[in-house]
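J.: Residues per chain are reported as follows:
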Amino acid sequence: MSDPSLSVHDLACARGDRLLFKNMNFTLNAGALLLVQGGNGQGKTSLLRLLTGLSSPEEGEVHWRGQPIRKQREAYHAEMIYLGHANGVKDDLNPVENLRFADGLQGREFDAARGVATLNKLGLSRCLDLPCRVLSFGQRRRVALAALLLAGATLWILDEPLTGLDVHAVALMEGLIRDHLKGGGMVVATTHQALNLEGVTVQRLLVGNVAIPELA
Amino acid sequence: MHRFLLAVLRRDLTLAARRRGDWLIAQFFFVMVASLFPLGVGPEPEMLARIGPGVLWVAATLASLLSLSRLFADDHHDGSLEHMVLSPEPTVLLVLGKSLAHWLIYGIPLLLIAPVLGIQFNLSWEAIWVLEISLLLGTPILSLLGGVGAALTLGLRGGGVLLTLLILPLYVPALIFGAGAVDGVMAGTGAEAHLSLLGAFLVLSLMIAPWIAAAALRVSLE
Chain P
151 MSDPSLSVHD
161 LACARGDRLL
171 FKNMNFTLNA
181 GALLLVQGGN
191 GQGKTSLLRL
201 LTGLSSPEEG
211 EVHWRGQPIR
221 KQREAYHAEM
231 IYLGHANGVK
241 DDLNPVENLR
251 FADGLQGREF
261 DAARGVATLN
271 KLGLSRCLDL
281 PCRVLSFGQR
291 RRVALAALLL
301 AGATLWILDE
311 PLTGLDVHAV
321 ALMEGLIRDH
331 LKGGGMVVAT
341 THQALNLEGV
351 TVQRLLVGNV
361 AIPELA
Chain U
883 MHRFLLAVLR
893 RDLTLAARRR
903 GDWLIAQFFF
913 VMVASLFPLG
923 VGPEPEMLAR
933 IGPGVLWVAA
943 TLASLLSLSR
953 LFADDHHDGS
963 LEHMVLSPEP
973 TVLLVLGKSL
983 AHWLIYGIPL
993 LLIAPVLGIQ
1003 FNLSWEAIWV
1013 LEISLLLGTP
1023 ILSLLGGVGA
1033 ALTLGLRGGG
1043 VLLTLLILPL
1053 YVPALIFGAG
1063 AVDGVMAGTG
1073 AEAHLSLLGA
1083 FLVLSLMIAP
1093 WIAAAALRVS
1103 LE
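These protein sequence lines map, in sequence, to chains P and U. With our numbering, the residue at position 13 of the first sequence is 163, and numbering never jumps. With our numbering, the residue at position 26 of the second sequence is 908, and numbering never jumps.
These aren't lab readings, by the way, just hints derived from the structure by calculation. Some clues are possibly wrong.
Among the chain U residues that face chain P by a calculated CB cut under 8 Å, a handful are [what the hints assert, rightly or not]:
(1) Arg885
(2) Glu926
(3) Glu928
(4) Leu968
So the derived label-pair ranges between C-beta atoms look like this [said to hold, decoys possible]:
(5) P:Arg264 <-> U:Arg1100: 31 to 41 Å
(6) P:His235 <-> U:Pro925: 50 to 60 Å
(7) U:Met914 <-> P:Lys271: 27 to 37 Å
(8) U:Ala1069 <-> P:Arg220: 35 to 45 Å
(9) P:Asp160 <-> U:Ile907: 46 to 56 Å
Covered stretches of chain U (chain P as the covering partner; in silico rule of three or more C-beta atoms under 8 Å from a C-beta of chain P) [claimed, not checked]:
(10) 891-901
(11) 953-963
(12) 969-981
Beta carbons are placed, not taken as given, at the ideal position from N, Cα and C, and that holds for glycine.
Please build the complete structure, drawing on both the sequences and the hints.
T.: What follows is the structure, encoded as structure tokens:
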């Protein structure tokens, strides 16, 4: 198989009658981070949803390993994981059960010890047997991040991954992103927060035409 | 492939077990609707036996509709539906698993309650037996076709009412053959023809509905 790469060719996206962007081109190679920036309502989330294949572009194509993703949906989804605004965490299940079902839905065997270790690493050791309903917003976000780590996907597509996280969790997340990139992974993320990502190849993409002050 | 189907099933059954109120409401609704008719039309045993099969079938369809609007809505709301659609497995399997789980959670209890209500309507044991078979064949149809409606109306305001308007006409064949089978056995003409047609309709729904629902789900998520 060829090296993992995500590329976008002449992409255009419209929501209703409004054209959000057009003629977008970029290539992301293994070990690189794409930071999607832009003001509110400029189409960052729409772009990310196009990249996941949840929505289809007005024009243009998204390619994974040189092939259009719509022609290899299942192979692409096996290597990609998306974390959107909603966490995908069920309120009635506890964090471990949430991870178990997340794994089952990805067609993997659940490794309970690894799941618990990941949750502990994310600072959830005291909440393992509580239903997620009683957890705070940030803690639920951490459960979603644990599912992200366990998925073992090559490409992470993260929509505002740092929302609701405290300083420690942001630092932890920065470390996780760095580790993932060093291991040959790829990350596409939107964020309004400054990220400390030393030693990481960062590509920036400005969506929309509103100039924003330089981050990080 | 089967592991994914099992995972969807186990997940939905676990969630239903955690929120018993949700599925009890549908069963109570079934009992309530069916019990209102004897109060409304009077207690003559012949009259009740005459309308019984139809009333029970209509009540079962309405009870199934009551729960359908939530089939995908909860998962859509908390984002887990996107995760499931983005899994490497086909969306058709997801829809099939969720419809099957819906049938196990809402259909099977109807099967268990129906004989009691049958006695209330003065149905003979033979008629109750045929009613059970017709519900066994018919309730999966309600879950499968309902999945199409639930996927189409996902995320719409007032989706519940729209779902009812969309799906009730599709339920008509199941209603006709299901209630017709019980009527047939009571009239002495036999139930086989109606049950065969109901079975054929089930096979048809099983072959077509998950594909349509999967396509509708992808459109709704765009």
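J.: Name the hints, by number, that the structure is in violation of.
T.: 2, 3, 7 and 8
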